[in-house]
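As they're listed, the protein sequences go chains A and B.
Read in my numbering, the first sequence has 46 at position 46, and its numbers run on one by one without any break.
Read in my numbering, the second sequence has 45 at position 45, and its numbers run on one by one without any break.
FYI, nobody ran anything at the bench for these hints, they're computed from the structure.
Among the hints, a few may not be true.
One copy or two, it doesn't matter: identical chains are merged, so the pair holds either way.
To be verified - Within a straight-line C-alpha distance of at most 25 Å, the following computed SDA-like cross-link-like pairs (lysine to any residue) qualify:
#1 K20 x Q67
#2 K96 x Q40
#3 K20 x D41
#4 K96 x G42
#5 K81 x R70
#6 K28 x R50
#7 K80 x A3
#8 K80 x Y26
#9 K96 x Q106
#10 K88 x D41
#11 K88 x S51
#12 K20 x A3
#13 K80 x L24
#14 K80 x F15
#15 K28 x W69
#16 K80 x A100
Here's the letter readout for the chains.
Number of protein chains: 2
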Amino acid sequence: MIAQTPLPPYYAVIFTSTLKTASLGYEKMSELMIDLAKKQDGYLGIEHARSAIGITISYWQDLSSIQNWRQNTEHQLAQKKGIKEWYKDYQIRICKVEQAHLFSSQ
Amino acid sequence: MIAQTPLPPYYAVIFTSTLKTASLGYEKMSELMIDLAKKQDGYLGIEHARSAIGITISYWQDLSSIQNWRQNTEHQLAQKKGIKEWYKDYQIRICKVEQAHLFSSQ
Numbered sequence: 001m002i003a004q005t006p007l008p009p010y011y012a013v014i015f016t017s018t019l020k021t022a023s024l025g026y027e028k029m030s031e032l033m034i035d036l037a038k039k040q041d042g043y044l045g046i047e048h049a050r051s052a053i054g055i056t057i058s059y060w061q062d063l064s065s066i067q068n069w070r071q072n073t074e075h076q077l078a079q080k081k082g083i084k085e086w087y088k089d090y091q092i093r094i095c096k097v098e099q100a101h102l103f104s105s106q
Numbered sequence: 001m002i003a004q005t006p007l008p009p010y011y012a013v014i015f016t017s018t019l020k021t022a023s024l025g026y027e028k029m030s031e032l033m034i035d036l037a038k039k040q041d042g043y044l045g046i047e048h049a050r051s052a053i054g055i056t057i058s059y060w061q062d063l064s065s066i067q068n069w070r071q072n073t074e075h076q077l078a079q080k081k082g083i084k085e086w087y088k089d090y091q092i093r094i095c096k097v098e099q100a101h102l103f104s105s106q
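Looking at chain A on its own, in the form it has when it is part of the complex (with noise of 0.2 Å):
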C-alpha cells in the first residue's frame, strides 16, 4: 500500500538491494522487521515493492527515530544476517522529505 504520511517535513529511509540467489528465510525476517518496524516511536509508515531489485522505504519523524531504529537489537540482529547470508548488494539513503503530492481517482 501507498504510505498515508502527514504533511512535510519528515524522513524516509530508502533501503535499495540486491538478493544472493538463495534466499531462505529473507521473505520471513523482512515481514518480521516491518512489523517491528511499525511499532517503533516516529514510525510514520511503509512501502515496499521488489522486482531485479527490491526497494523498501520506511518514513519517520525525525532523525533521531530512524537513529534509534537502527540501534534497535533485533534490527542490528536481522542486518548481520542479512550481511552474511541474503544481500549482494545493499544502498541506504536517509533522506528529509521537502514537498509531497498525491493523486487519487477514487
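Position chain B relative to chain A; hints supplied.
Here is chain B on its own, set in the frame of chain A:
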C-alpha cells in the same frame, strides 16, 4: 539496478503508485519516460520495482533539475495520460538525500 549516485547531498523523487486493472500501454510509456529522464540535465540515477505497488525513485543533482524534468513537454503528456488512464493512486515525494551507506558482498 541499484543506482550509483555521488556523495550526498543530492535529491530524490519517490514516486509510489497503484495501477488500474487495465493498464494497456503503461509499461511501454514507463520505459520511454525512464529513457527520457536519463537524458535530462542533473539526472543521477533511477531505481524501480513493482509488486502490489510500484516504486520509482529518480535521483537528481538539485531541485531545479527536478523542476525542469517535471515541466518537460513529453513528460507532461505522459503525466496527463497516466492520470486519465493508468494510475489508481500515486504519491510523489521530493526529498533531500542527506546520508548514504553502501554494502557490497563482491
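Sort out which numbered hints this structure fails and list those numbers smallest first. 1, 3, 9, 10
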